[in-house]
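Sequence lines, in order, name chains A and B.
At position 216 of the first sequence the residue is numbered 216 (this note's numbering), and the sequence of numbers has no breaks.
At position 22 of the second sequence the residue is numbered 22 (this note's numbering), and the sequence of numbers has no breaks.
By construction, these hints were calculated from the structure, which means they are not laboratory data.
Take these hints with a grain of salt, some might be off.
[To be verified] A few chain B positions that, by computed beta-carbon distances, are all more than 10 Å from chain A:
id, residue
1, ARG104
2, HIS107
3, ASP220
4, TRP272
5, PRO274
6, ASP350
7, ARG351
8, GLU385
[Stated by the list, open to error] Label pairs and their in silico Cβ distance ranges:
id, chain 1, residue 1, chain 2, residue 2, range
9, A, ARG249, B, LEU43, 52 to 58 Å
10, A, GLU324, B, GLN228, 43 to 49 Å
11, B, MET166, A, GLU75, 34 to 40 Å
Even glycine gets a Cβ: it sits at the ideal position worked out from N, Cα and C.
Protein chains: 2
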Amino acid sequence: MNKDYLQIYRRELFERCIPFWEKHSVDNEFGGYFTCLDRDGSLFSTDKYMWLQGRAVWMFARLHNEVSQDKGWLELARQGADFIRKHGRNAEGRVYFSLDRQGRPIHIQRKIFSEVFYVMAMTEMARATGNQDYLEEAREVFWQIYDYWQHPGKLGRPQLAGARRMSSLAEPMVFLCLLEELNRLDQDSRFDGIEKQMTAIALRHYHRDRGLVFEHVDPDGELIDTPQGRLQCPGHAIEMGWFLARLGRKNQDEELVGIATEIIDKSFDVGWDPDHGGLFYFLDTENRPPLQLEWNMKLWWPATEALYALLLAWSLTGEKRFLEKHDRMHDWAFERFSDPDHGEWLGYLDRRGEPTHQLKGGEWKGFFHLPRALLYSIQLLEQQERLD
Amino acid sequence: MNKDYLQIYRRELFERCIPFWEKHSVDNEFGGYFTCLDRDGSLFSTDKYMWLQGRAVWMFARLHNEVSQDKGWLELARQGADFIRKHGRNAEGRVYFSLDRQGRPIHIQRKIFSEVFYVMAMTEMARATGNQDYLEEAREVFWQIYDYWQHPGKLGRPQLAGARRMSSLAEPMVFLCLLEELNRLDQDSRFDGIEKQMTAIALRHYHRDRGLVFEHVDPDGELIDTPQGRLQCPGHAIEMGWFLARLGRKNQDEELVGIATEIIDKSFDVGWDPDHGGLFYFLDTENRPPLQLEWNMKLWWPATEALYALLLAWSLTGEKRFLEKHDRMHDWAFERFSDPDHGEWLGYLDRRGEPTHQLKGGEWKGFFHLPRALLYSIQLLEQQERLD
């Protein structure tokens, strides 16, 4: 290795990332977490976004469970869990998208993702505390999500005649993510079947002959010649790669590990901007105009996904090209996103790699992608060190 | 004037803009208009967006009504009007957001804007043809919009306890826009009251002491210290300025003309990027991070709004500074957006003014902002020429 990544990642996580969120994001008055935080941690909105509330509970509880019980992380997780259990769900059990500071609901999406991060929060809290209430709520909401996935009309979005039936990569991914979490705690005989089902669906998005992961394919995996059908999100594809690689490792499924590391490899190459470095946010496979205005921006989270995914692929295959790519991603990202003055990463750069926003958190950026990638990378490097 | 703008705008409209849409956007098989058109006019999606269908009907019909009856524009408008009347509304009369090529519905928004452009289309078709069916449908949908505005819950979006009551600038603007259209054809005694009501609401968004137009204020016009409350969209503010200036001119209301031209003046100054030129898409009044990823992009439509608004302000006030600003906007925009090779303008530039997208049309860009601004500017300059 070119650098002492273990030392670098420990410093980034424990000295720059976690302290930022401990200091600036916890609402000691009403509970839950602020996430609209400017470069120096100052608040620019007090609204609370449920994706980010659930993710922060999970992250603090995960740190308690896997790093240290002495840092007060469980309390930081618990106050968030209390807040979302008290305010996060409506009378029908759906999870809101956003709340005001006091917890009054502002917006509810006709999507499953608020529920997904709620389940992650409850699962990790169950693991941290042994309290079965958390696990029961995690189970309840998990099956609710599965039901919505099977019957999307129940989310309230009209199912119109011209809308194309398609599989969205995010769907199998969130199930694989939740099953990794739930499988630690819960022996449910149905999980194996869902894991196989979702793995198969996820793999339909990877067209090996073209080396491309498509965000949307038709239910049989066939390509759709529309902007949605041609859409790629390299960061998302790389994230799917590491989900599948971990699953393959867990199940000792060498074929899956092979495909997963190939996905990481190819998606990194597709996403890397040869002119300015970094990963594009969106691309159109046929180089038609992406509909997303932000397609050529460089976001923090594809970079964090790539850092961990490339390390993981290297550790699973021993192939040096993954380390070379990891070095490239690391140098590019740490130089531009990292902020030794205030901690945490910037989130949004233009194509050239210059910041468009000074914020450290917002509606979509919270205490999740950076600390997760750093923690997973640290754990991998520590294991590697023990093996060496 | 520094340039022969009348000649330049006529060439841009009649030789470069209209021919692009005549040639590439009309679906001769199923009716309606394609709008997902790449730089050279080639199709990258066949989906049809109802905002843009209604706007294109209005634009072609307006050209027929005010420029020439000999160019086939009425037929181009009529085939679009037929398509949206056949496919554009659901059983309850709501207007869809998008349809597939054949007209099957894909998506419906819980917003009023598809309806707004539907009314514009029907009104201008009524004016072009004298057919009362169009006018009756325009009236029907207009009152439906007014009802939705008074009772937003009827659009199906849950009204949640934490959601702030606020006035959105787009609301009074669309009513003022529709009243300008309907007042030509329809003598409805209620329109005067709504015009006064919406003018008052629009003006609450302009805080004269600060020289700023706010996209969202509370129902009494007070400022809201949230990202939404601090949001400015200079192009939108400038568009409101010229709506109000035309209204003031029509009603011989000098005070309103004065405020409206002041809004144009100040909003242009606020929006202009001193480093790279062009108008920012969004800004936060307190320089906090805007939540919009695309805030610093330079879009075509704020430029087109500014071109016409500044000419109008100059013609109403005689003040030379408006011409100076118009020259500045003109030179910047024509150099970067205009495409003599293929016609029509590019839509999306990065902060530096370099294209991020090659498309000429998409989900949001169609046959509307550029031709409307050019036509209105030509009409103004022709009138000016007659006065000189």
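Checked hints:
no. : hint                                : verdict
1   : ARG104                              : 3 Å, violated
2   : HIS107                              : 7 Å, violated
3   : ASP220                              : 20 Å, holds
4   : TRP272                              : 18 Å, holds
5   : PRO274                              : 17 Å, holds
6   : ASP350                              : 6 Å, violated
7   : ARG351                              : 7 Å, violated
8   : GLU385                              : 39 Å, holds
9   : ARG249(A) <-> LEU43(B): 52 to 58 Å  : 45 Å, violated
10  : GLU324(A) <-> GLN228(B): 43 to 49 Å : 45 Å, holds
11  : MET166(B) <-> GLU75(A): 34 to 40 Å  : 36 Å, holds
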